[in-house]
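Construct all of the structure, not just a fragment, from the sequences and the given hints.
From first to last, the protein sequence lines are chains A and B.
Read in the numbering used here, the first sequence has 104 at position 104, and its numbers run on one by one without any break.
Convert by adding 229 to the 1-based position in the second sequence; the result is the number in the numbering used here.
With a cut-off of at most 25 Å between alpha-carbon atoms, the simulated PhoX-like pairs for lysine-lysine come out as follows:
| hint | chain 1 | residue 1 | chain 2 | residue 2 |
| --- | --- | --- | --- | --- |
| 1 | B | 330 | A | 150 |
| 2 | B | 394 | B | 416 |
| 3 | B | 393 | A | 152 |
Keep in mind the hints are simulated off the structure, nothing from the lab.
So you can see what is in the structure, the chains are spelled out below.
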Amino acid sequence: MVKKEDADFYMLLASSIHDMKNSLSLLMHSFEEMYADVSRENTKEVERLALLNYEISRVNNDLIQLLGIYRLSQERLPLNVDEHFVYELLEELILKNEILFNLHGIHCNINCDEDLTGHFDLNLITGVINNVLVNAARYAKKEIQLIATKDKNYLCLSVADDGNGFPINMIADPGGHMKNINFHTGSTSLGLYFADKIATMHKEGEKVGYMLLENNGPLKGGVFSIYLP
Amino acid sequence: MVNDLGVIKVDLVATGKDVIKACQLKSYDILLMDYNLGEGKNGQQLLEELRTTKLLKHVSVVLMTTAETSQEMVLSAIEHKPDGYLAKPFAFNLLKNRLDKTLIRNEALYNILSALDDENYAEAIKNCDLHINESGRYSKWCLKAKADLLYKLGEYDVALHIYKKQLSERCEDWALLGQGKAFAAQKKYADALKSFQQLLTANPMFMAVYDWIAKMHLALNDPDTAQKTLEKAVAISPRSFTRLHDLAHLCQQNNDLAQATNIYRKTLELAENSIHFSADNNFELANCLTQYAKDLQGSEADKLTREALNTLNSLASKFKNDILVKIKTKLIESKVYYTMKDPSKAQAVLDSALMLSESMGEENNPEILIELASTYTHSNNIVKAQEILKELGEKHANNEEIINKIELLSEQPFNEKTKLIISEFTKNGIELYEKGDYDEAIKQFARAMRQFPKHVGLQLNLVQALLGALNQDPNHDKNYQQCKTCLNQVKNSASLQQRKQRYQDLSDKFDIVSKLRK
Numbered sequence: 001m002v003k004k005e006d007a008d009f010y011m012l013l014a015s016s017i018h019d020m021k022n023s024l025s026l027l028m029h030s031f032e033e034m035y036a037d038v039s040r041e042n043t044k045e046v047e048r049l050a051l052l053n054y055e056i057s058r059v060n061n062d063l064i065q066l067l068g069i070y071r072l073s074q075e076r077l078p079l080n081v082d083e084h085f086v087y088e089l090l091e092e093l094i095l096k097n098e099i100l101f102n103l104h105g106i107h108c109n110i111n112c113d114e115d116l117t118g119h120f121d122l123n124l125i126t127g128v129i130n131n132v133l134v135n136a137a138r139y140a141k142k143e144i145q146l147i148a149t150k151d152k153n154y155l156c157l158s159v160a161d162d163g164n165g166f167p168i169n170m171i172a173d174p175g176g177h178m179k180n181i182n183f184h185t186g187s188t189s190l191g192l193y194f195a196d197k198i199a200t201m202h203k204e205g206e207k208v209g210y211m212l213l214e215n216n217g218p219l220k221g222g223v224f225s226i227y228l229p
Numbered sequence: 230m231v232n233d234l235g236v237i238k239v240d241l242v243a244t245g246k247d248v249i250k251a252c253q254l255k256s257y258d259i260l261l262m263d264y265n266l267g268e269g270k271n272g273q274q275l276l277e278e279l280r281t282t283k284l285l286k287h288v289s290v291v292l293m294t295t296a297e298t299s300q301e302m303v304l305s306a307i308e309h310k311p312d313g314y315l316a317k318p319f320a321f322n323l324l325k326n327r328l329d330k331t332l333i334r335n336e337a338l339y340n341i342l343s344a345l346d347d348e349n350y351a352e353a354i355k356n357c358d359l360h361i362n363e364s365g366r367y368s369k370w371c372l373k374a375k376a377d378l379l380y381k382l383g384e385y386d387v388a389l390h391i392y393k394k395q396l397s398e399r400c401e402d403w404a405l406l407g408q409g410k411a412f413a414a415q416k417k418y419a420d421a422l423k424s425f426q427q428l429l430t431a432n433p434m435f436m437a438v439y440d441w442i443a444k445m446h447l448a449l450n451d452p453d454t455a456q457k458t459l460e461k462a463v464a465i466s467p468r469s470f471t472r473l474h475d476l477a478h479l480c481q482q483n484n485d486l487a488q489a490t491n492i493y494r495k496t497l498e499l500a501e502n503s504i505h506f507s508a509d510n511n512f513e514l515a516n517c518l519t520q521y522a523k524d525l526q527g528s529e530a531d532k533l534t535r536e537a538l539n540t541l542n543s544l545a546s547k548f549k550n551d552i553l554v555k556i557k558t559k560l561i562e563s564k565v566y567y568t569m570k571d572p573s574k575a576q577a578v579l580d581s582a583l584m585l586s587e588s589m590g591e592e593n594n595p596e597i598l599i600e601l602a603s604t605y606t607h608s609n610n611i612v613k614a615q616e617i618l619k620e621l622g623e624k625h626a627n628n629e630e631i632i633n634k635i636e637l638l639s640e641q642p643f644n645e646k647t648k649l650i651i652s653e654f655t656k657n658g659i660e661l662y663e664k665g666d667y668d669e670a671i672k673q674f675a676r677a678m679r680q681f682p683k684h685v686g687l688q689l690n691l692v693q694a695l696l697g698a699l700n701q702d703p704n705h706d707k708n709y710q711q712c713k714t715c716l717n718q719v720k721n722s723a724s725l726q727q728r729k730q731r732y733q734d735l736s737d738k739f740d741i742v743s744k745l746r747k
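See below:
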């Protein structure tokens, strides 16, 4: 039985986040209007706006993770698994971050069959990959590739970049978040912890989802992969 | 933002009600709405209403913006689903992309969607099959739609075939849910229960499944487990008025009056300032408090009766000009005074209720008469109560709603349908009894009595079945108590005269069993 205070706190948290998301929506829209009005030659202004856009997505990602992790701890994070077209998911992820990619001069492309489908919670997986993508945009030099394949009944979604790759300690224990918290760099690795939890929540029969960090990927940089049964 | 899409005409409205008004005036090609509409219906329910009232075509595109998705959204029937969800916040280019994709999809499915608009389900199913046979891009959608439509058409076997095939390939939630619902429709409650339980194990936050499981337990004659199931759901999601209300009724029927009063208190609190606000919430709580107080003594009972009076008094200012509320308030107040062992005050309040209803020309209002019968029953004025019910039942034999209410108080059935149901239950129960399967016979009569709690014939049959079981195990407390309660009710019933001999026989047998108890 969920205790009353917990239930109250949960309601408060959920409705606050809902409210914050509505604010973010308005913020996002104002931003888009401003962005449309600014001349592309005015590089300084474009850069400033791109930073604003980056911060909006970061706040949104944090909100998703915050609520998600709180719910996980309360064992009340619902998993809404349905079958989805993977290409459409990846395409939307690129659209979401178009401005950010433009700012960093990064080209992001998709390597995925248009008819490929997978079973997963669309909202959660979008959140996970989006977080990885925003990060990758920071560390990539010129190129990011979104790759999706299906092998042995696992759907594999990967984000590969041409950066310097992940630190060795992260690769060894990608889900162990607390050890990686570094207040000086602002990196909490919360995103990877969340990604790991979300991956393992996806189950089918005996098979359980997982995530993997590798270096020396197809673009010679880091690769984040999530495997979903 | 939408003006930039190349859309020519855009109407903006702020509330769910305005959406309906707007759709009555115009036929829209695209509807963009939020899931969270504040007070009242959510986006999903609103869409359901728009579809069932045919204010919105299936060929139109519906996109719903949400802060997050829930199981209820993912698993609702395809007809009531939007074409897509957009998680907030979303950028303009995302909306544009999604609209493009959805328009392409709806074009590919046009034959199916327009058949749905014509309510030509056979045609829709045929077109689903066509798309599936061509291995079209949206085959999975077509399969789900086909299964949903077959269920809707009552073709449960064919629908089950689809669900089972899916489940043998991959255990998907929609197929489990569909299988459960189809089994339930075929009255295979145990099988349905299994499907729902499996679904719940995988999705403990899927609230609608708790309701289904509770329904199955009720159908399987296990009201206690049904109650426990809803209690679990309420602990997870405490703000659903409808579920709380169902649970309160169930507790009351299960005679768990402590829990029932608790939950009625919550429903009352929740209904405040909401669309569920109604004097009935106060009446239900006051009635339940009074019923509960009747079983208790001393200060505990006093506390409850005082609360009942307060609950009723709070209505006066909120429903100043509502005569029906005034009369009903007095009728229930009279019950409270009776429970407080103040019969003269009970009578005085009752008299003033009767005077008021007569002076306002409401003395034949069925609602008032049913409440009056309930008040008479409460004060053991059984003969008067049954007279009122008999007259009312004969007058409104074809009004199901009234008859259902009467049946909860009446000692006899009023229409053919009810008589048939009771005789069916009785026949089954007696068969089981004669086979010596007393436990099943008890369940059979108990189930009938949930529908017709005052029916004397059923009560006597139940007593007989209980005595059968008690003869084998006289120390079974639950059976013993139930037997005692039933005999007591029959003893106080208005139709005791016609059944005196049988009552006496059973009562004697009960005394013998009582002596055997340790």
